[in-house]
Amino acid sequence: QLMCSKSRRFDTLLPETQQLKQAFLNCSSDDQEPVITYVSKLFSVPQSALSQNKQK
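Going by my numbering, the sequence shown opens with residue 17, and the numbers climb by one from there.
Think of the hints as simulated: they come from the structure by calculation, not from any bench.
Glycine included, each C-beta is placed from N, C-alpha and C at the ideal position.
Check each hint, because a few of them may be wrong.
[Claimed, not checked] Simulated restraints, written as ranges between beta carbons of each label pair: (1) K57 to R24: 18 to 24 Å; (2) F26 to S67: 28 to 34 Å; (3) K57 to S23: 33 to 39 Å; (4) S23 to D46: 31 to 37 Å; (5) P62 to Q38: 40 to 46 Å; (6) L66 to F26: 31 to 37 Å; (7) T53 to R25: 22 to 28 Å; (8) P31 to S64: 42 to 48 Å; (9) D27 to I52: 15 to 21 Å; (10) T28 to P50: 17 to 23 Å; (11) D47 to Q68: 44 to 50 Å.
[Stated by the list, open to error] The calculated DSBU-like cross-link candidates involving lysine-lysine, where the alpha carbons are at most 35 Å apart (straight line), are: (12) K22 to K37; (13) K22 to K57; (14) K37 to K57.
I would like the entire structure built from these sequences, with the hints used as guidance.
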């Protein structure tokens, strides 16, 4: 799931993109390996929108 969204199958990605999976699994610091970064975007949500504040 980290490599591909639910709207697209992994085997439909470009071969170069598919090769990143092995680099991700290797988690190597070798200079010859690609550098992979993870960006997480956070945003605020009103407390009233949280599920514990919804009527069941």
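We went through each hint and held it up to the structure:
no.	hint	in the structure
1	K57 to R24: 18 to 24 Å	20 Å, holds
2	F26 to S67: 28 to 34 Å	31 Å, holds
3	K57 to S23: 33 to 39 Å	18 Å, violated
4	S23 to D46: 31 to 37 Å	33 Å, holds
5	P62 to Q38: 40 to 46 Å	42 Å, holds
6	L66 to F26: 31 to 37 Å	33 Å, holds
7	T53 to R25: 22 to 28 Å	24 Å, holds
8	P31 to S64: 42 to 48 Å	47 Å, holds
9	D27 to I52: 15 to 21 Å	20 Å, holds
10	T28 to P50: 17 to 23 Å	20 Å, holds
11	D47 to Q68: 44 to 50 Å	48 Å, holds
12	K22 to K37	16 Å, holds
13	K22 to K57	19 Å, holds
14	K37 to K57	22 Å, holds
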